[in-house]
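> What follows is the residue order along each chain.
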Amino acid sequence: MTVPAAWYLVLAAILFGIGALGLLTRRSALIMFMCVELMLNAVNLTFVTFSRTLRDIGGQAAVFFVMVVAAAEVTVGLGIVVSVFRRRNSTSVDELAEMKG
Amino acid sequence: MSLTIPSIHYLVLLPTLILFGASLLLLVVSALVRRPLRPAAGTAVTVLASVATLVVTVAQWRDIDRHGASTTVAHALALDGFSVVATAVIAVSLGLAALVSHDWMNRARVVGSEYHVLALASAAGAVLMTQANDLIVIFLGLEIMSIGLYVLVAFDRERTRSAEAALKYFLLGSFASAIFVYGAALVYGATGTTNLSSVAYFLGSNVLLRPGLLYAGGALLLVGFAFKVAAVPFHLWSPDVYEGAPTPVTGFMAAIVKVGAFAALLRVLVSALGTQMTTWRPILWVLVALTTVIGASLAIVQRNVKRMLAYSSINHAGFILLGVWSGTVPGASAALFYLATYAPVVVASFAVLTLVGGEGEDRHDVAHYRGLARRQPWLGAALAILLLSQLGVPLTTGFYAKFSVLAAAVDAGGGALAVVALLGAAIATVFYLRWTLTLFAEDEGDVDRVPVPPATAIAIGLGVAVTVVFGLWPGPIAALTQHATLLFTP
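For the record, the sequence lines run as chains V and F. Under the working numbering, the letters of the first sequence match residues 3 to 103, in that order. Under the working numbering, the letters of the second sequence match residues 1463 to 1952, in that order.
Isolated chain F, as found in the complex (with noise of 0.2 Å):
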């Protein structure tokens, strides 16, 4: 009996291979010298692991330009445009919140490298969430982010509330991914196949008799999904795990947990159950209007500044939602280019919360940013800038975002879904609005102002770059965005 080794492209496994490479590097060396490594080693190793990542994808986009999509490792994982593009995007999360987190872990003075070898470790999960063409490996993937997750939100061991919001995560995480990988074994007994490409081939060629077994699959992964970005009703973890993680931790989870895991949702919905589109769009349609609204609208009850941070994530995993309702090829690149432009600006926003949080994080309310932009311009300007970008506001990114996503929407017959957003959306800029205006208000006089550290105030700065220029000139990304499709689109 002979054994077939699959053929390994390793260009498509290289992003995998350098963060966790860098992660076990970091973990081997740390273990071998005999003091704790300082944290600019660690700081040090991320970023150019996640620079090195950046290059390759662009080896990879040329590839694709030269020889088209491809599939390998028994095709396992998927070499397209969409999953380069996400992987950069994770990528530039990675870097910016190591920027952010070295800051972090001088002042709240943690030592060794283990910070940085989860953040790699957790990064590369994402990646392999977004390369995964087999909901097997979509599972490992989103373990492998997770688990590393659960931990870093655990690690400020000075406060309570860390541990705690560790434990419900870490709860609630393992019993989404145990639905989820339920779900992939019923899928699997309707199609016979865990492959997403053989699921389309199956479906598209055969007609189910009794497709409950299918149905109650795909059902059980849209939970596990709808769990993991955190949308309404499956949202309830979410503020107190953001409240409770470490800042620089908050915004790293808020970014790569929402590229990899609607990069996956992308992939099964669109591409492998493509065919069952009349079946999961009215419960998308449920999900995206609950979201929207309701995210926004819990948001402006909140005093807390991560719990309201939270909740407008939650309002905008439900406009990327409104993308992969679409179900189309626009759409897709819609919910893609949502993606690209929130995910910088998140980790900006948690890196000025960072900040202004101060030791301890008790400064965390709405009334401690109160004349900030008037004690501090820049800081000011660029948190304003920040929370005007994720409101929507022209000029910003967020604006072509939230325009393309309900345009694709609109197209795809979905116009009253689009009016149910607009109006999350504008449930939203009240809260907005008013943390802007705090900003600019008077303040009572003796106020200490924020030290803002170097390597934060780069990240901050690439943030807001990111928003401003490609606000006023979109075209790049949406190029970008618009030409990295799918593998496989009905």
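Pulled out of the complex, with its shape left as it was, chain V reads as follows (with noise of 0.2 Å):
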């Protein structure tokens, strides 16, 4: 039995909703980072769907940029939640409540 590529494209939308929405409502910065991490990913797997029913090596190549991005994203981020959480000992972002949009 053969899984339909199409099953691929709607797990990635769930995914990258799940993500979507995590990133909107959590307040934690660790989590939302999180999310962030699971929307690329979902990204990843949309790419890779698509490459496989294009048959196009295209699709393959561009994941590589997406983890190697995902990658130097974490890098960045995770040192600018550590530089906030030697300030304020949290990462929740409800504390970062000193300038008001």
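What the hints contain is simulated information worked out from the structure, not anything from laboratory work. Warning: the hint list may mix true and false statements.
[Claimed, not checked] Chain V regions said to be covered by chain F (calculated; three or more residues, Cβ under 8 Å):
id, segment
1, 3-9
2, 17-28
3, 33-47
4, 53-61
5, 73-79
[What the hints assert, rightly or not] Chain V side only, calculated, beta carbon under 7 Å to chain F, not exhaustive:
id, residue
6, Ile82
7, Ser85
8, Val86
9, Arg89
Idealized CB from N, CA, C, for every residue including glycine.
Could you use the hints to bring the two separately framed chains together as a complex?
Listed below in structure tokens is the structure:
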């Protein structure tokens, strides 16, 4: 039995949605950060699926770029989270209320 | 099995290589020497790199004159007049911002060269965005630019707000990037390629029976860009980040992010999705109307000048989007003209804010500007000119910039939208004029003069010179941007 490609796309869309929803609703910077990673991996799944259905290697190559960028983002993002944590002993974004938009 | 290596035209890559090379050079040298490098070393390398980039853009321009626009590295990068002019604008912004940062670093006692390393890398990413002819390359440029800026925003270790702003910018910025790259994946699924010229070719020669995938992808790309350029309703991060970031970084960020993101947006919408113009125009219509009017209205209620300029830059983003909305060749060159004249003005404006803000950046209230032009006529007059240029007063570049985007929009059948944008400009008049009049008001007397260090003075002077000289005589920049067309236009 083969799994239709559309299922992968739907799964990726659901993962992306979970990530986006989590980013908008959760209040811990670290969890929000993980949600971004989830979104990027949903993108990777989409790329790979399309790469398979289109029989084109370009989509798989794109995944490498997305992974490298995600790794670079982690490095910088964790650095920023640590520097905020050192000041406040908390990673909750609710306490970042010194400026009001 | 053989591997084909794509041919590379190194002249196209040269600006990116210079900026990134200078960044790596500074990084390696500062790792090798025993003591931290003096700020002057970093500033010198950055200014030299930006001048070298400007020289290369001249060579690129002549190359296009002779051989026409072209693509290279397997069509992933484009060399056209548009990318050359945008690259030059980024180089100018980088150089001016480096001069301002130099004095700021001395005042804030920041040692080492990391600041300049990051600024150079960010500028390299912005340049890559202006040249990118592939959605994945745009994504890479966007991330190279943004990751450097996340750290630069957090650079002021003394102020808590700086780190807070960086966290906000980082979370929302990476959210926007994820949305953008998901859009790229969906467009890839719909058209079978991420290359912008191939997307345009595919859409020109095929009729999509089920365009839903393409529309969803295009919409996500648009949302990603709207976040980056801070278009309403995706602007909520920008006032906080502008306020929290060290002031020289704010000016740098306002300039290069706008140039990079708008250049890529124009290439995606006008070149790749030009055939879908009837679909994306109504969405942009709403974005332009909201961005110009709401940006200006929220600026009026601000007391903090950095937030005020943040909302004013949202208002400007609306005007540049108006040029994008036209989707025509004059519209694209009007948007480029706007970017080219806005970038030096915004860097110079934030340079004045850096000086007046003082150490610790606690003097950013409008009240601190009361009587500035009486105490220090030169500094006050410079700020007044910069504000009036942003307002769009005749005889400054701001006037021609607004005029050209409005004219392009009216020609493209957007009379109603042009009226809405003008309404936004009219609302913006209130706070620009109020601030300008504050400069000339009577002060309370015993207020200290603001020290004006030489490097910042040069940067402010150049910004003012650009807006006055080309405001009186806009021919050269106008001619340049009119010849700087995109590689593929419908």
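> Hints numbered earlier in the text: which of these fail when held up against the supplied structure?
The structure breaks only hint 1.
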